[in-house]
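Here's the letter readout for the chains.
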Amino acid sequence: MAEITTLAEAVHELVHDGDLVALEGFTHLIPFAAGHEIIRQGRRRLTLARMTPDVVYDQLIGMGCAERLVFSWGGNPGVGSLHRLRDAVEHAWPAPLALEEHSHAGMANRYVAGASGLPMAVLRGYRGTDLGRVTSTVATVTCPFTGEELTAVPALNPDVTVIHAQQADRQGTVMLWGITGVQREAVLAARRSLVTVEEVVDRLDPRPGSVVLPGWVVTAVAHVPGGAHPSYASGYSRRDNGFYRAWDAISRDRDRFTGWMQEHVLGRTDG
Amino acid sequence: MVEPMAERMAGWTADEMMTVAAARRLVDGDVCLVGIGLPSLAANLARRLHAPGCVLIYESGTIGSKPRVPPLSIGDGELADTADAVVSVPEIFNYWLQAGRIDVGFLGAAQIDRYAGLNTTVIGDYHSPRVRLPGAGGAPEIASSARRVIVVLRHSPRAFVDRLDFRTSVPGRGPTAVITDLGVLEADPADGELMLSSVHPGVTVDDVQAATGWDLRTVAGVGVTPPPTARELDALRAMTSDVVG
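Read top to bottom, the protein sequences are chains Z and H.
Counting in numbering that gives the first Met the number 0, the first sequence tops out at residue 270, every number present.
Counting in numbering that gives the first Met the number 0, the second sequence tops out at residue 244, every number present.
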């Protein structure tokens, strides 16, 4: 049964310096508040994993929390570059950032292998690309049944996966719906997991297409209404597209970024 | 090239011509995996015009999305709310793309070479890049697994390069078309090299060559792309005027 606790306690207990951390979400249900708490608690030397690192990873990287990024697409969707990610890669500010990059298909399958307890996943991918030349975690295997040459990628098993969901019940069983991305796989692949939720309810009402994670596979649940903002929680909020557009200017300049983080993250608490 | 004055006289812009030309490549009933931005705009335009039965799949997991307004991101709630089904991201890539259920993959890029290899990873050296771009996303497997590939990008010598700085994706065996703000290029079925097949109204073959970083092959009798019709322009402008805030 998951422990229902505060965000600050959960991050303190579950996220350690040097951990491999996945804050997953595919545009929808991105755990921004948890990312901000990781920044406030000053975690360092993290390896951050995510298929689509976006603004919250830009913030973690710009605040010096990460030394490595495992990813497949790092941008501000529909807007442009992540300027803090670029500054770290292009100018090592505030610290160098090592990259381990894959395709979406490869990352998704790495989580599937992790959730399945397998050492690797097999796919038909990366053909003809330079990715295998720069990423050591891409290899080829031959199918023993057909002889087809296929691509292998190793399982991704985070020390801790953090996601945001709409609801949990009082036993910590979590339910999310709408675009559920790779969150089920990311939680099941992880050694520990933290789920922030919009609402803690007495009883979960079944919904079409929902993902349910029983309380006994989740380590901790924290009640953080609005914890996905500026991302959104279907049924609770809308994506704040205006903020994603505004982030482009905020994040271009180091001083403006640092000032914004001081005012909106370091000086505040979420949940 | 189409200059602003000429655009005003023509009554449409080079970007509008590009989006309309891309939309025309879709056939009613196509199952289309769509990236955000220009590809999404073109695919949604096709659905409002000649291809109402086009199935739009977004890599966030939405199948059969029918957005009423163009989405800013591939995970906007509008895409899920209007979808026939919403599935997980591993399922999109394994069951739908890899298994061969996608007719058309729609891609953008920062650089393209003469064989429609695409770069969305870095400009400059990989280990000390001048510009770090977002990376591969779904492109490598979309390019190799979709039956047809349509690439949409603006034409310039910086984009149409003799050598890619990084090869993020290469096209598969199916037909590949590249739609730009100057014209349309199609891959030679024999060797995969892109050939200019039509120029947009007001553009010459020399204009396209000047914006291309290699000796461009042309098909015999390069055509002129039919200009956007009033109906196409009305539908496109109605969409771009109400992008989700």
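Don't read these hints as lab results, they were simulated from the structure.
Quick caveat: nothing in here was measured; it's all calculated off a predicted structure.
One should not assume that every hint holds.
What the simulated footprint calls covered on chain H by chain Z, stretch by stretch (three residues with Cβ under 8 angstroms from a Cβ of chain Z suffice, anywhere in the stretch; the number is not a length) [claimed, not checked]: (1) 51-62; (2) 70-79; (3) 139-146; (4) 159-168.
Take a look, some chain H residues computed to stay more than 12 angstroms from chain Z by CB distance [unchecked claim]: (5) 86; (6) 88; (7) 91; (8) 132; (9) 187; (10) 194; (11) 205; (12) 212; (13) 217; (14) 226.
We treat Cβ as the ideally placed atom computed from N, Cα and C, and that holds for glycine.
Regarding the assertion that residue 205/H does not contact chain Z, is the least Cβ-Cβ distance greater than 12 angstroms? holds (32 angstroms)
Coverage of the stretch 159-168 of chain H by chain Z (three or more Cβ within 8 angstroms): holds (count 4)
Nearest-CB test (12 angstroms) between chain Z and residue 88/H: Given a closest Cβ separation of 5 angstroms, the condition is violated.
Confirm or reject the statement that residue 187/H sits farther than 12 angstroms, beta carbon to beta carbon, from all of chain Z. holds (18 angstroms)
Residue 194/H: least C-beta distance to chain Z exceeds 12 angstroms? holds (21 angstroms)
Against chain Z, does residue 217/H hold up as non-interface, every C-beta pair farther apart than 12 angstroms? Label holds. Min Cβ-Cβ 26 angstroms, cutoff 12 angstroms.
Take a quick look at residue 91/H and tell me if its Cβ sits farther than 12 angstroms from every Cβ on chain Z, holds or violated. Check fails; 8 angstroms does not lie beyond 12 angstroms.
Establish whether the coverage given for the stretch 139-146 of chain H by chain Z is satisfied; the threshold is a Cβ-Cβ distance below 8 angstroms, and no fewer than three residues must meet it. holds (count 4)
Mind taking a look at whether chain Z covers the stretch 51-62 of chain H? Criterion is 3 or more residues with CB to CB distance under 8 angstroms. holds (count 4)
Is the nearest Cβ of chain Z still more than 12 angstroms from the Cβ of residue 132/H? With a cut-off of 12 angstroms, residue 132/H comes too close to chain Z, as the shortest Cβ separation is near 8 angstroms.
Would residue 86/H pass as off the interface with chain Z, using Cβ distances and a cut of 12 angstroms? Given a closest Cβ separation of 8 angstroms, the condition is violated.
Checking C-beta pairs, does the stretch 70-79 of chain H have three or more residues closer than 8 angstroms to chain Z? holds (count 9)
Violated hints for the displayed structure, listed by number in ascending order: 5, 6, 7 and 8.
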